[in-house]
Amino acid sequence: MGKRQSILLLCLSLLLTSLSGCGAGDSAAGDNAHYIPVFGCLGETGSVYEVNGILYYTDYATGENGVLCSKPNCIHEPYSSSNTEPYCEAALPNGNLSVSLLSGNSLYVMTTDFTGTEIYTKQVYGETWVTLLEIPYGFSSGLQRRIYDKKLYFTAASYEHETDITGEEMPALQSFPFLIEVDLDRRTYRTLTEYEDGSSCTDVLFIEGDSLYYETEYPIRDTYETTYRVCIYSLNLNTLESEYLFTTDASHVFLGAHEGTVYTCGTAGLMMLTEDGTWLPACQTDTCTSGYSYEDGILLSVRQDNSASILHYDYKTGKVSDVPALPQNGYLFDVMGDWVLAITENGDIAAVPIEDLLSGRAQYTATWRPY
1 MGKRQSILLL CLSLLLTSLS GCGAGDSAAG DNAHYIPVFG CLGETGSVYE
51 VNGILYYTDY ATGENGVLCS KPNCIHEPYS SSNTEPYCEA ALPNGNLSVS
101 LLSGNSLYVM TTDFTGTEIY TKQVYGETWV TLLEIPYGFS SGLQRRIYDK
151 KLYFTAASYE HETDITGEEM PALQSFPFLI EVDLDRRTYR TLTEYEDGSS
201 CTDVLFIEGD SLYYETEYPI RDTYETTYRV CIYSLNLNTL ESEYLFTTDA
251 SHVFLGAHEG TVYTCGTAGL MMLTEDGTWL PACQTDTCTS GYSYEDGILL
301 SVRQDNSASI LHYDYKTGKV SDVPALPQNG YLFDVMGDWV LAITENGDIA
351 AVPIEDLLSG RAQYTATWRP Y
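Numbering-wise, this note's numbering puts 2 at position 2 of the sequence shown, and it's gapless, one number per residue.
The hints are simulated quantities; they were obtained by calculation from the structure and are not laboratory data.
Here are the simulated lysine-lysine pairs, BS3-like style, with alpha carbons at most 27 angstroms apart:
| # | residue 1 | residue 2 |
| --- | --- | --- |
| 1 | 122 | 151 |
| 2 | 71 | 122 |
| 3 | 122 | 150 |
Distance ranges between label pairs, derived from CB positions:
| # | residue 1 | residue 2 | range |
| --- | --- | --- | --- |
| 4 | 52 | 190 | 30 to 36 angstroms |
| 5 | 327 | 176 | 43 to 49 angstroms |
| 6 | 238 | 87 | 42 to 48 angstroms |
| 7 | 250 | 87 | 50 to 56 angstroms |
| 8 | 324 | 225 | 38 to 44 angstroms |
| 9 | 250 | 127 | 49 to 55 angstroms |
| 10 | 275 | 317 | 19 to 25 angstroms |
| 11 | 363 | 284 | 27 to 33 angstroms |
| 12 | 316 | 241 | 26 to 32 angstroms |
| 13 | 244 | 87 | 47 to 53 angstroms |
| 14 | 38 | 251 | 24 to 30 angstroms |
| 15 | 250 | 83 | 48 to 54 angstroms |
This structure is a prediction, so every number in the text was calculated from the model and none was measured. C-beta atoms are modelled at their ideal positions from N, C-alpha and C, and glycine is treated no differently.
Assemble the whole structure, with the sequences as input and the hints as a guide.
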(Lines of atoms letter the chains of each structure in order from A and count residues from 1; the text may use other names and numbers.)
(Lines give C-alpha, C1' and ligand atoms only; values in the text may rest on other atoms or scores of the structure.)
Protein backbone atom coordinates (compact mmCIF):
# COMPACT_ATOMS: atom_id res chain seq x y z
CA MET A 1 0.00 0.00 0.00
CA GLY A 2 1.42 3.43 -0.92
CA LYS A 3 2.20 6.10 1.66
CA ARG A 4 -0.43 8.47 0.22
CA GLN A 5 -3.19 5.84 0.44
CA SER A 6 -2.10 4.91 3.99
CA ILE A 7 -2.49 8.52 5.09
CA LEU A 8 -5.93 8.72 3.44
CA LEU A 9 -7.12 5.58 5.23
CA LEU A 10 -5.80 6.88 8.56
CA CYS A 11 -7.72 10.12 8.06
CA LEU A 12 -10.88 8.19 7.20
CA SER A 13 -10.42 6.02 10.29
CA LEU A 14 -10.21 9.09 12.52
CA LEU A 15 -13.28 10.58 10.82
CA LEU A 16 -15.33 7.44 11.35
CA THR A 17 -14.23 7.14 14.99
CA SER A 18 -15.44 10.68 15.63
CA LEU A 19 -18.86 9.82 14.17
CA SER A 20 -19.37 6.45 15.82
CA GLY A 21 -20.76 7.87 19.07
CA CYS A 22 -23.70 9.59 17.41
CA GLY A 23 -27.15 8.09 17.87
CA ALA A 24 -29.23 6.91 14.96
CA GLY A 25 -31.59 9.83 15.29
CA ASP A 26 -28.89 12.49 15.56
CA SER A 27 -27.75 14.63 12.66
CA ALA A 28 -24.03 13.99 13.11
CA ALA A 29 -21.29 16.00 11.46
CA GLY A 30 -20.91 14.73 7.93
CA ASP A 31 -24.37 13.13 7.66
CA ASN A 32 -25.90 15.61 5.22
CA ALA A 33 -24.83 15.38 1.59
CA HIS A 34 -25.55 16.80 -1.85
CA TYR A 35 -25.12 14.73 -5.01
CA ILE A 36 -24.55 16.73 -8.20
CA PRO A 37 -24.35 14.95 -11.57
CA VAL A 38 -20.79 14.70 -12.96
CA PHE A 39 -19.24 16.09 -9.75
CA GLY A 40 -20.28 13.30 -7.40
CA CYS A 41 -21.48 13.46 -3.81
CA LEU A 42 -20.42 16.46 -1.73
CA GLY A 43 -20.57 15.70 1.98
CA GLU A 44 -19.90 17.95 4.96
CA THR A 45 -16.36 16.64 5.50
CA GLY A 46 -15.40 15.18 2.14
CA SER A 47 -16.51 14.12 -1.31
CA VAL A 48 -17.01 10.67 -2.84
CA TYR A 49 -17.15 10.11 -6.58
CA GLU A 50 -16.95 7.27 -9.08
CA VAL A 51 -14.49 6.79 -11.92
CA ASN A 52 -14.88 3.72 -14.15
CA GLY A 53 -16.80 1.77 -11.52
CA ILE A 54 -14.39 2.52 -8.64
CA LEU A 55 -15.13 4.90 -5.73
CA TYR A 56 -12.72 7.66 -4.71
CA TYR A 57 -12.77 9.93 -1.66
CA THR A 58 -11.33 13.39 -1.00
CA ASP A 59 -10.98 14.73 2.55
CA TYR A 60 -11.56 18.50 2.65
CA ALA A 61 -9.39 19.10 5.73
CA THR A 62 -6.33 17.02 4.83
CA GLY A 63 -6.52 17.20 1.05
CA GLU A 64 -5.90 13.46 0.82
CA ASN A 65 -7.48 11.79 -2.18
CA GLY A 66 -7.57 8.11 -3.08
CA VAL A 67 -9.46 4.92 -3.78
CA LEU A 68 -11.83 3.83 -0.99
CA CYS A 69 -10.13 0.47 -0.57
CA SER A 70 -7.92 -0.74 2.29
CA LYS A 71 -6.96 -4.14 0.85
CA PRO A 72 -3.22 -4.56 0.29
CA ASN A 73 -2.01 -5.05 -3.28
CA CYS A 74 -5.53 -4.55 -4.68
CA ILE A 75 -5.57 -3.66 -8.37
CA HIS A 76 -9.02 -2.04 -8.00
CA GLU A 77 -10.78 -4.02 -10.69
CA PRO A 78 -14.41 -2.89 -11.18
CA TYR A 79 -17.50 -5.04 -11.59
CA SER A 80 -17.84 -6.68 -14.99
CA SER A 81 -19.42 -9.75 -16.55
CA SER A 82 -16.18 -11.59 -15.81
CA ASN A 83 -15.79 -10.08 -12.32
CA THR A 84 -19.24 -10.30 -10.74
CA GLU A 85 -17.90 -10.42 -7.17
CA PRO A 86 -15.16 -7.78 -7.09
CA TYR A 87 -12.34 -8.17 -4.58
CA CYS A 88 -11.90 -4.39 -4.38
CA GLU A 89 -13.80 -2.65 -1.57
CA ALA A 90 -14.25 0.43 -3.77
CA ALA A 91 -15.91 -1.40 -6.66
CA LEU A 92 -19.58 -0.68 -7.35
CA PRO A 93 -21.93 -3.65 -6.74
CA ASN A 94 -23.14 -4.15 -10.32
CA GLY A 95 -22.94 -2.80 -13.83
CA ASN A 96 -26.24 -0.91 -13.91
CA LEU A 97 -26.56 2.87 -14.03
CA SER A 98 -25.50 4.05 -10.58
CA VAL A 99 -25.25 7.03 -8.23
CA SER A 100 -22.85 6.97 -5.26
CA LEU A 101 -23.45 8.73 -1.93
CA LEU A 102 -21.57 9.23 1.35
CA SER A 103 -23.31 9.99 4.64
CA GLY A 104 -21.45 9.80 7.94
CA ASN A 105 -19.55 6.51 7.99
CA SER A 106 -21.79 4.82 5.42
CA LEU A 107 -21.57 4.49 1.67
CA TYR A 108 -24.69 4.15 -0.47
CA VAL A 109 -25.06 3.24 -4.12
CA MET A 110 -28.29 3.55 -6.08
CA THR A 111 -28.50 1.40 -9.21
CA THR A 112 -31.29 1.13 -11.76
CA ASP A 113 -32.24 -0.67 -14.94
CA PHE A 114 -35.18 1.80 -15.23
CA THR A 115 -37.73 -0.82 -14.13
CA GLY A 116 -36.68 -0.51 -10.50
CA THR A 117 -34.04 0.85 -8.14
CA GLU A 118 -31.83 -1.02 -5.71
CA ILE A 119 -30.05 0.86 -2.92
CA TYR A 120 -26.95 -0.82 -1.52
CA THR A 121 -24.97 0.18 1.55
CA LYS A 122 -21.81 -0.71 3.43
CA GLN A 123 -19.41 0.86 5.88
CA VAL A 124 -16.55 2.74 4.29
CA TYR A 125 -14.24 -0.15 5.18
CA GLY A 126 -16.86 -2.84 4.58
CA GLU A 127 -16.04 -5.48 2.02
CA THR A 128 -19.56 -6.49 1.01
CA TRP A 129 -22.40 -4.37 -0.32
CA VAL A 130 -25.72 -5.16 1.38
CA THR A 131 -29.09 -4.44 -0.25
CA LEU A 132 -30.73 -1.72 1.83
CA LEU A 133 -33.96 -1.39 -0.14
CA GLU A 134 -35.62 -2.17 -3.45
CA ILE A 135 -37.96 0.39 -4.99
CA PRO A 136 -40.24 -0.43 -7.96
CA TYR A 137 -39.32 2.75 -9.85
CA GLY A 138 -36.34 3.85 -11.88
CA PHE A 139 -34.41 7.11 -11.77
CA SER A 140 -32.36 9.42 -13.94
CA SER A 141 -28.71 10.00 -13.02
CA GLY A 142 -28.90 13.57 -14.34
CA LEU A 143 -30.69 15.01 -11.29
CA GLN A 144 -29.65 16.01 -7.79
CA ARG A 145 -29.96 13.92 -4.63
CA ARG A 146 -29.88 15.19 -1.08
CA ILE A 147 -29.33 13.42 2.21
CA TYR A 148 -30.78 15.37 5.11
CA ASP A 149 -31.34 14.14 8.67
CA LYS A 150 -30.68 10.49 7.74
CA LYS A 151 -33.14 10.58 4.83
CA LEU A 152 -32.42 10.45 1.11
CA TYR A 153 -34.46 12.61 -1.27
CA PHE A 154 -34.45 12.11 -5.03
CA THR A 155 -36.55 12.05 -8.18
CA ALA A 156 -37.90 8.63 -9.11
CA ALA A 157 -39.85 7.86 -12.25
CA SER A 158 -41.98 5.23 -13.88
CA TYR A 159 -40.84 4.56 -17.42
CA GLU A 160 -42.88 3.51 -20.41
CA HIS A 161 -41.82 2.85 -23.98
CA GLU A 162 -43.00 5.44 -26.46
CA THR A 163 -45.23 4.13 -29.24
CA ASP A 164 -45.43 4.97 -32.92
CA ILE A 165 -48.60 5.85 -34.83
CA THR A 166 -49.45 2.15 -35.14
CA GLY A 167 -49.22 1.66 -31.38
CA GLU A 168 -46.05 -0.41 -31.58
CA GLU A 169 -43.47 0.13 -28.83
CA MET A 170 -40.33 2.10 -29.70
CA PRO A 171 -36.91 1.82 -27.98
CA ALA A 172 -37.15 5.32 -26.47
CA LEU A 173 -38.42 5.57 -22.89
CA GLN A 174 -40.82 8.21 -21.61
CA SER A 175 -40.48 9.10 -17.93
CA PHE A 176 -43.11 10.17 -15.41
CA PRO A 177 -41.15 11.76 -12.54
CA PHE A 178 -42.08 12.28 -8.89
CA LEU A 179 -40.24 12.73 -5.57
CA ILE A 180 -39.34 9.98 -3.11
CA GLU A 181 -38.01 9.95 0.46
CA VAL A 182 -35.94 7.00 1.73
CA ASP A 183 -35.44 6.57 5.48
CA LEU A 184 -31.90 5.20 5.59
CA ASP A 185 -32.21 3.95 9.18
CA ARG A 186 -35.61 2.26 8.88
CA ARG A 187 -35.02 1.03 5.32
CA THR A 188 -38.38 2.28 4.14
CA TYR A 189 -39.53 4.70 1.48
CA ARG A 190 -42.55 6.85 0.68
CA THR A 191 -43.61 8.87 -2.33
CA LEU A 192 -43.82 12.60 -1.65
CA THR A 193 -45.44 13.86 -4.85
CA GLU A 194 -47.31 12.44 -7.81
CA TYR A 195 -46.49 12.85 -11.47
CA GLU A 196 -48.11 16.02 -12.79
CA ASP A 197 -49.57 15.91 -16.28
CA GLY A 198 -47.70 18.18 -18.65
CA SER A 199 -44.49 18.27 -16.60
CA SER A 200 -41.18 16.98 -17.89
CA CYS A 201 -38.88 17.06 -14.86
CA THR A 202 -38.94 17.48 -11.08
CA ASP A 203 -35.81 18.09 -8.98
CA VAL A 204 -35.04 18.50 -5.27
CA LEU A 205 -33.49 21.90 -4.49
CA PHE A 206 -33.26 22.44 -0.74
CA ILE A 207 -34.46 21.07 2.59
CA GLU A 208 -34.92 22.95 5.85
CA GLY A 209 -36.68 21.44 8.84
CA ASP A 210 -40.03 20.04 7.68
CA SER A 211 -39.96 21.89 4.35
CA LEU A 212 -38.61 20.54 1.08
CA TYR A 213 -38.24 22.91 -1.87
CA TYR A 214 -38.36 21.56 -5.41
CA GLU A 215 -38.73 22.71 -9.00
CA THR A 216 -40.89 21.32 -11.77
CA GLU A 217 -40.38 22.02 -15.47
CA TYR A 218 -43.25 22.41 -17.92
CA PRO A 219 -42.36 22.35 -21.63
CA ILE A 220 -43.77 25.09 -23.83
CA ARG A 221 -43.65 23.94 -27.44
CA ASP A 222 -44.01 26.08 -30.52
CA THR A 223 -43.19 25.56 -34.17
CA TYR A 224 -39.47 26.20 -33.88
CA GLU A 225 -38.30 25.26 -30.39
CA THR A 226 -39.26 24.06 -26.94
CA THR A 227 -38.79 26.31 -23.94
CA TYR A 228 -39.56 25.55 -20.31
CA ARG A 229 -41.49 27.21 -17.53
CA VAL A 230 -39.81 26.36 -14.21
CA CYS A 231 -41.99 26.60 -11.11
CA ILE A 232 -40.76 26.47 -7.51
CA TYR A 233 -42.79 24.70 -4.82
CA SER A 234 -42.50 24.02 -1.11
CA LEU A 235 -43.59 20.65 0.28
CA ASN A 236 -44.58 20.10 3.91
CA LEU A 237 -42.95 16.78 4.84
CA ASN A 238 -45.54 16.15 7.55
CA THR A 239 -48.72 16.73 5.55
CA LEU A 240 -47.24 16.19 2.04
CA GLU A 241 -49.06 19.31 0.87
CA SER A 242 -47.33 21.30 -1.87
CA GLU A 243 -47.55 25.07 -2.26
CA TYR A 244 -46.65 27.00 -5.41
CA LEU A 245 -44.17 29.78 -4.61
CA PHE A 246 -43.04 31.45 -7.84
CA THR A 247 -41.93 30.93 -11.43
CA THR A 248 -38.22 31.25 -12.14
CA ASP A 249 -37.19 34.17 -14.34
CA ALA A 250 -34.21 36.49 -14.74
CA SER A 251 -35.18 38.35 -11.56
CA HIS A 252 -35.78 35.38 -9.28
CA VAL A 253 -33.70 32.18 -9.16
CA PHE A 254 -34.09 30.03 -6.04
CA LEU A 255 -31.15 30.13 -3.60
CA GLY A 256 -32.42 28.58 -0.38
CA ALA A 257 -34.57 29.19 2.68
CA HIS A 258 -34.04 30.24 6.27
CA GLU A 259 -36.70 30.05 8.99
CA GLY A 260 -39.50 29.96 6.42
CA THR A 261 -38.22 32.82 4.26
CA VAL A 262 -37.22 31.95 0.70
CA TYR A 263 -34.25 33.75 -0.89
CA THR A 264 -33.65 34.31 -4.60
CA CYS A 265 -31.01 35.96 -6.75
CA GLY A 266 -31.09 37.50 -10.21
CA THR A 267 -31.37 40.86 -11.90
CA ALA A 268 -33.40 42.13 -8.94
CA GLY A 269 -30.49 41.37 -6.60
CA LEU A 270 -30.94 39.36 -3.42
CA MET A 271 -34.67 39.10 -2.69
CA MET A 272 -36.71 37.32 -0.06
CA LEU A 273 -40.20 35.86 -0.28
CA THR A 274 -41.90 36.03 3.10
CA GLU A 275 -44.39 33.46 4.40
CA ASP A 276 -47.29 35.76 3.45
CA GLY A 277 -46.13 35.84 -0.21
CA THR A 278 -44.56 39.31 -0.20
CA TRP A 279 -41.35 40.01 -2.14
CA LEU A 280 -38.86 42.22 -0.28
CA PRO A 281 -35.26 43.20 -1.06
CA ALA A 282 -32.98 41.45 1.42
CA CYS A 283 -30.28 44.04 0.77
CA GLN A 284 -29.06 46.44 -1.87
CA THR A 285 -26.95 44.54 -4.41
CA ASP A 286 -26.31 44.48 -8.12
CA THR A 287 -27.25 41.50 -10.25
CA CYS A 288 -26.57 38.22 -8.43
CA THR A 289 -25.47 35.48 -10.79
CA SER A 290 -25.58 32.70 -8.17
CA GLY A 291 -25.60 32.13 -4.44
CA TYR A 292 -25.40 29.41 -1.82
CA SER A 293 -27.25 29.33 1.47
CA TYR A 294 -25.81 27.85 4.65
CA GLU A 295 -26.58 27.97 8.38
CA ASP A 296 -25.50 31.56 9.05
CA GLY A 297 -26.06 33.30 5.74
CA ILE A 298 -25.66 33.35 1.97
CA LEU A 299 -22.55 33.63 -0.18
CA LEU A 300 -23.34 35.53 -3.38
CA SER A 301 -21.61 35.89 -6.71
CA VAL A 302 -22.38 39.43 -7.84
CA ARG A 303 -21.68 40.95 -11.23
CA GLN A 304 -20.47 44.54 -11.02
CA ASP A 305 -19.15 46.52 -13.99
CA ASN A 306 -18.35 43.43 -16.06
CA SER A 307 -16.50 41.77 -13.18
CA ALA A 308 -17.59 39.26 -10.55
CA SER A 309 -17.19 39.60 -6.80
CA ILE A 310 -18.34 37.72 -3.70
CA LEU A 311 -20.63 39.11 -1.01
CA HIS A 312 -21.73 37.63 2.29
CA TYR A 313 -25.27 38.18 3.59
CA ASP A 314 -25.72 37.56 7.32
CA TYR A 315 -29.13 36.11 8.29
CA LYS A 316 -29.04 37.52 11.84
CA THR A 317 -28.02 41.09 11.08
CA GLY A 318 -29.23 41.45 7.49
CA LYS A 319 -25.89 43.08 6.69
CA VAL A 320 -23.85 42.54 3.55
CA SER A 321 -20.06 42.48 3.48
CA ASP A 322 -17.44 42.08 0.77
CA VAL A 323 -15.56 38.79 0.63
CA PRO A 324 -12.01 38.52 -0.75
CA ALA A 325 -11.69 36.67 -4.04
CA LEU A 326 -11.15 32.93 -4.10
CA PRO A 327 -7.65 31.70 -5.01
CA GLN A 328 -6.84 30.67 -8.59
CA ASN A 329 -9.72 32.73 -9.98
CA GLY A 330 -12.12 30.28 -8.38
CA TYR A 331 -15.85 30.77 -8.43
CA LEU A 332 -18.45 29.57 -5.96
CA PHE A 333 -19.78 26.07 -6.51
CA ASP A 334 -21.48 24.97 -3.25
CA VAL A 335 -21.40 25.22 0.53
CA MET A 336 -21.44 22.08 2.67
CA GLY A 337 -21.15 22.21 6.45
CA ASP A 338 -18.22 24.47 7.32
CA TRP A 339 -16.75 24.34 3.83
CA VAL A 340 -16.98 26.48 0.72
CA LEU A 341 -16.49 24.52 -2.49
CA ALA A 342 -15.21 26.27 -5.59
CA ILE A 343 -14.22 25.50 -9.16
CA THR A 344 -10.76 26.79 -10.07
CA GLU A 345 -9.59 28.20 -13.37
CA ASN A 346 -8.07 24.77 -14.09
CA GLY A 347 -11.44 23.05 -13.72
CA ASP A 348 -10.64 21.42 -10.38
CA ILE A 349 -13.01 21.39 -7.41
CA ALA A 350 -11.44 22.93 -4.32
CA ALA A 351 -12.37 23.28 -0.65
CA VAL A 352 -11.73 26.16 1.75
CA PRO A 353 -13.12 26.69 5.28
CA ILE A 354 -15.89 29.30 5.37
CA GLU A 355 -14.20 30.97 8.34
CA ASP A 356 -10.96 31.40 6.39
CA LEU A 357 -12.76 32.79 3.34
CA LEU A 358 -14.70 35.37 5.35
CA SER A 359 -11.59 36.47 7.26
CA GLY A 360 -9.50 36.97 4.12
CA ARG A 361 -7.21 33.98 4.76
CA ALA A 362 -8.55 31.71 2.02
CA GLN A 363 -6.22 28.93 0.92
CA TYR A 364 -7.50 25.72 -0.60
CA THR A 365 -7.00 22.73 1.67
CA ALA A 366 -8.04 20.21 -0.99
CA THR A 367 -8.35 20.11 -4.76
CA TRP A 368 -9.58 17.24 -6.92
CA ARG A 369 -11.12 16.45 -10.28
CA PRO A 370 -13.99 13.92 -10.20
CA TYR A 371 -14.24 13.49 -13.98
